[in-house]
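K.L.:
Please work from the sequences and hints to get the whole structure.
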Amino acid sequence: MQPDLPDLPTLQTFRQCSPLVHCMTNDVVQTFTANVLLALGASPAMITAPDEAQQFAAIADALLINVGTLTLRQTEAMQRGIDGALAAGTPWVLDPVGVGMLSLRSAFCQQIISRKPAAIRGNASEIIALTGLSHGGRGVDSTDSPASALPAAQQLALQTGAIVVVTGEVDYVTDGARTLTVTGGSVLMTKLVGTGCALSAVVAACCALPGDRLENIAGGCSMMKQAGAYAAQHSRGLGSFAVALLDALSIMGEPA
Amino acid sequence: MQPDLPDLPTLQTFRQCSPLVHCMTNDVVQTFTANVLLALGASPAMITAPDEAQQFAAIADALLINVGTLTLRQTEAMQRGIDGALAAGTPWVLDPVGVGMLSLRSAFCQQIISRKPAAIRGNASEIIALTGLSHGGRGVDSTDSPASALPAAQQLALQTGAIVVVTGEVDYVTDGARTLTVTGGSVLMTKLVGTGCALSAVVAACCALPGDRLENIAGGCSMMKQAGAYAAQHSRGLGSFAVALLDALSIMGEPA
Amino acid sequence: MQPDLPDLPTLQTFRQCSPLVHCMTNDVVQTFTANVLLALGASPAMITAPDEAQQFAAIADALLINVGTLTLRQTEAMQRGIDGALAAGTPWVLDPVGVGMLSLRSAFCQQIISRKPAAIRGNASEIIALTGLSHGGRGVDSTDSPASALPAAQQLALQTGAIVVVTGEVDYVTDGARTLTVTGGSVLMTKLVGTGCALSAVVAACCALPGDRLENIAGGCSMMKQAGAYAAQHSRGLGSFAVALLDALSIMGEPA
Numbered sequence: 001m002q003p004d005l006p007d008l009p010t011l012q013t014f015r016q017c018s019p020l021v022h023c024m025t026n027d028v029v030q031t032f033t034a035n036v037l038l039a040l041g042a043s044p045a046m047i048t049a050p051d052e053a054q055q056f057a058a059i060a061d062a063l064l065i066n067v068g069t070l071t072l073r074q075t076e077a078m079q080r081g082i083d084g085a086l087a088a089g090t091p092w093v094l095d096p097v098g099v100g101m102l103s104l105r106s107a108f109c110q111q112i113i114s115r116k117p118a119a120i121r122g123n124a125s126e127i128i129a130l131t132g133l134s135h136g137g138r139g140v141d142s143t144d145s146p147a148s149a150l151p152a153a154q155q156l157a158l159q160t161g162a163i164v165v166v167t168g169e170v171d172y173v174t175d176g177a178r179t180l181t182v183t184g185g186s187v188l189m190t191k192l193v194g195t196g197c198a199l200s201a202v203v204a205a206c207c208a209l210p211g212d213r214l215e216n217i218a219g220g221c222s223m224m225k226q227a228g229a230y231a232a233q234h235s236r237g238l239g240s241f242a243v244a245l246l247d248a249l250s251i252m253g254e255p256a
Numbered sequence: 001m002q003p004d005l006p007d008l009p010t011l012q013t014f015r016q017c018s019p020l021v022h023c024m025t026n027d028v029v030q031t032f033t034a035n036v037l038l039a040l041g042a043s044p045a046m047i048t049a050p051d052e053a054q055q056f057a058a059i060a061d062a063l064l065i066n067v068g069t070l071t072l073r074q075t076e077a078m079q080r081g082i083d084g085a086l087a088a089g090t091p092w093v094l095d096p097v098g099v100g101m102l103s104l105r106s107a108f109c110q111q112i113i114s115r116k117p118a119a120i121r122g123n124a125s126e127i128i129a130l131t132g133l134s135h136g137g138r139g140v141d142s143t144d145s146p147a148s149a150l151p152a153a154q155q156l157a158l159q160t161g162a163i164v165v166v167t168g169e170v171d172y173v174t175d176g177a178r179t180l181t182v183t184g185g186s187v188l189m190t191k192l193v194g195t196g197c198a199l200s201a202v203v204a205a206c207c208a209l210p211g212d213r214l215e216n217i218a219g220g221c222s223m224m225k226q227a228g229a230y231a232a233q234h235s236r237g238l239g240s241f242a243v244a245l246l247d248a249l250s251i252m253g254e255p256a
Numbered sequence: 001m002q003p004d005l006p007d008l009p010t011l012q013t014f015r016q017c018s019p020l021v022h023c024m025t026n027d028v029v030q031t032f033t034a035n036v037l038l039a040l041g042a043s044p045a046m047i048t049a050p051d052e053a054q055q056f057a058a059i060a061d062a063l064l065i066n067v068g069t070l071t072l073r074q075t076e077a078m079q080r081g082i083d084g085a086l087a088a089g090t091p092w093v094l095d096p097v098g099v100g101m102l103s104l105r106s107a108f109c110q111q112i113i114s115r116k117p118a119a120i121r122g123n124a125s126e127i128i129a130l131t132g133l134s135h136g137g138r139g140v141d142s143t144d145s146p147a148s149a150l151p152a153a154q155q156l157a158l159q160t161g162a163i164v165v166v167t168g169e170v171d172y173v174t175d176g177a178r179t180l181t182v183t184g185g186s187v188l189m190t191k192l193v194g195t196g197c198a199l200s201a202v203v204a205a206c207c208a209l210p211g212d213r214l215e216n217i218a219g220g221c222s223m224m225k226q227a228g229a230y231a232a233q234h235s236r237g238l239g240s241f242a243v244a245l246l247d248a249l250s251i252m253g254e255p256a
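Chains as they are written, first to last, in the working numbering: chain E, 1 to 256; chain A, 1 to 256; chain Y, 1 to 256.
Hints should not be assumed to be uniformly reliable.
[What the hints assert, rightly or not] Straight-line C-alpha distance at most 25 Å; calculated DMTMM-like pairs for lysine to aspartate or glutamate:
| hint | chain 1 | residue 1 | chain 2 | residue 2 |
| --- | --- | --- | --- | --- |
| 1 | A | Lys191 | E | Asp175 |
| 2 | A | Lys191 | E | Asp83 |
| 3 | Y | Lys191 | A | Asp61 |
| 4 | Y | Lys191 | Y | Asp61 |
| 5 | E | Lys191 | Y | Asp144 |
| 6 | Y | Lys191 | A | Asp27 |
| 7 | A | Lys191 | Y | Asp27 |
It should be emphasised that the hints constitute simulated quantities derived from the structure, not laboratory data.
P.N.:
Structure follows, in structure tokens:
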């Protein structure tokens with residue numbers, strides 16, 4: 001257990017609330033994202049047509065927008081999803097994958113961060129790029145340390161009103177005034193595709209929980225780090241790490 | 001083994017025939033669907049462009065239409081796929097994921113159920129919604145019991161000429177006159193994304209087998225339930241459950 | 001270890017160079033492809049919008065074009081990706097999945113093989129179909145033996161300037177003049193979706209390594225075959241085979 005965060009209470013609340021999370025996410029991580037949410041007791045749904053995205057975002061408990069494999073056509077559907085979310089008071093979360101140098105996603109992210117996201121989760125390079133201070137990382141990987149992105153994260157939080165989450169070896173969760181720190185996890189999480197994207201879906205789900213949102217999101221980050229640490233100890237390589245990570249998320253907090 | 005169904009004969013026929021199944025399915029379950037079919041000895045192919053979908057449906061032994069992440073563009077390709085299937089006598093199967101409240105898929109499903117599907121497989125809420133009696137479940141999850149959907153399933157079978165499969169704790173397979181019941185399985189199957197969607201692909205493959213179609217489909221449902229029960233006994237959580245499920249499907253019926 | 005190929009040197013170079021591989025690949029294999037590359041130490045990114053594809057191909061160390069679930073819209077993005085790759089000197093690799101009878105991909109593959117691919121990897125039926133000598137296999141599966149496709153592979157290599165890789169029970173890697181042979185592996189690799197597609201991504205990564213390209217690609221094929229043989233020995237069925245394959249790729253070449 002992490003000594004610095006009340007994570008098990010978050011987990012219990014999470015399982016009790018079972019948030020319905022509308023994930024508009026990239027092509028690479030759909031299955032893993034759905035299974036991570038299911039393992040934690042949430043209910044995922046991926047709805048992509050513009051009309052349906054708007055309808056569903058109004059029903060869902062939270063909406064995730066992830067631009068990893070963004071196309072022009074999807075920007076329209078995502079805008080419609082945000083329309084539905086804002087009209088219904090559904091919190092929505094941005095994962096600005098690879099933002100910085102790539103043109104379509106950079107323009108799109110700059111546009112939608114003015115639409116009152118509840119949270120933004122990215123790696124250090126993405127958060128720095130989103131504030132316009134750099135051109136991003138190497139492909140979808142960060143080339144900056146989380147600590148170096150903390151000032152950018154705080155600025156972005158104050159600018160957008162969102163809780164900003166910078167993840168990496170250490171996770172920082174900030175609303176610009178308060179900052180929580182989450183440690184632990186395993187370097188293997190950076191070697192498995194989709195762990196960051198799935199965490200963004202967990203962050204979205206945490207935005208639907210009752211209580212303090214900053215603490216709930218930090219609790220969500222802590223659940224993932226704990227699962228990652230468990231999985232690193234119960235695996236032989238990348239394949240069994242992925243299996244053990246889902247195992248950990250599904251058995252976590254249950255009586256042994 | 002299920003005492004009420006001749007499942008192993010279905011499995012042997014399945015492996016011998018090795019149906020070529022054209023899957024037009026949603027973005028979330030493509031990999032898992034393909035591996036479930038491969039584990040059972042079938043040959044999956046996912047072909048999505050309109051022209052190619054029509055060409056391939058004429059070659060395939062069965063076609064699956066799953067509307068889980070439907071877009072307007074895909075409705076055209078799916079119609080072309082059904083054109084090819086009907087012209088060639090290829091059986092096609094509908095999985096009406098999330099039908100009910102969401103507009104595009106609801107209108108599309110209502111339209112294509114008049115095009116002589118060989119089978120329709122859904123959860124209870126989807127089958128009830130397809131008959132126009134309700135507005136569907138919670139996201140893509142059912143809020144009704146399979147038994148409560150049996151009258152709707154029988155009505156839908158008589159209306160469309162399809163064999164209708166309602167799956168859940170108990171599976172019902174009906175042509176409107178005869179109804180077979182499949183029990184067993186594990187509640188963990190509802191916690192892993194894609195088990196229902198993959199079952200629909202298995203149902204499609206079963207429509208290509210020689211013999212009684214109703215019994216073959218019930219045999220397909222039984223294979224999945226048996227694999228689920230095996231996997232529940234050989235896993236620690238959601239990740240190892242998914243692994244054990246594919247293991248079970250691939251070793252099932254082979255000499256120990 | 002394969003006695004006929006210097007594979008461990010390739011692996012060490014691979015891990016040291018950590019190629020950034022831009023994968024424009026089909027919907028079914030995205031996650032597995034990314035994890036195979038990550039397991040070997042490469043860095044995958046899937047970028048799909050036309051403008052971004054062109055931008056990213058110029059930054060990446062290699063580009064993969066896989067036509068498994070090709071749509072008309074994607075052909076434009078892929079052409080733009082190839083534009084970016086050629087302008088920047090980034091090697092690009094074609095995986096002509098299911099080429100032959102299906103119209104869109106067949107015309108597209110015929111068009112782009114004139115655009116100086118660094119390598120082409122396919123199964124025997126695909127390589128034969130690409131030379132116009134047949135109409136392809138059964139769905140996405142080969143109905144020809146790798147050896148029977150060797151003359152077509154050599155002809156295709158001379159015609160396009162690409163290194164052509166025919167994979168199956170035996171892999172042949174040829175530039176038209178020299179041909180390397182890679183043996184080993186396991187028949188289970190044909191039962192898991194995406195092994196061939198992921199190998200094409202590895203081949204693309206190998207095109208970015210220093211040294212002899214023909215030997216590097218053969219080394220990449222050998223790494224996959226060794227991982228497959230390991231996985232066959234450490235698994236009970238299809239699910240655990242997939243897990244063990246990723247485990248093998250990630251621990252291969254590391255001190256025990």
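K.L.:
Indicate, hint by hint, whether the structure satisfies it.
P.N.:
Right, here's what the structure says about each hint:
| no. | hint | verdict |
| --- | --- | --- |
| 1 | A:Lys191 to E:Asp175 | 33 Å, violated |
| 2 | A:Lys191 to E:Asp83 | 30 Å, violated |
| 3 | Y:Lys191 to A:Asp61 | 19 Å, holds |
| 4 | Y:Lys191 to Y:Asp61 | 30 Å, violated |
| 5 | E:Lys191 to Y:Asp144 | 36 Å, violated |
| 6 | Y:Lys191 to A:Asp27 | 21 Å, holds |
| 7 | A:Lys191 to Y:Asp27 | 23 Å, holds |
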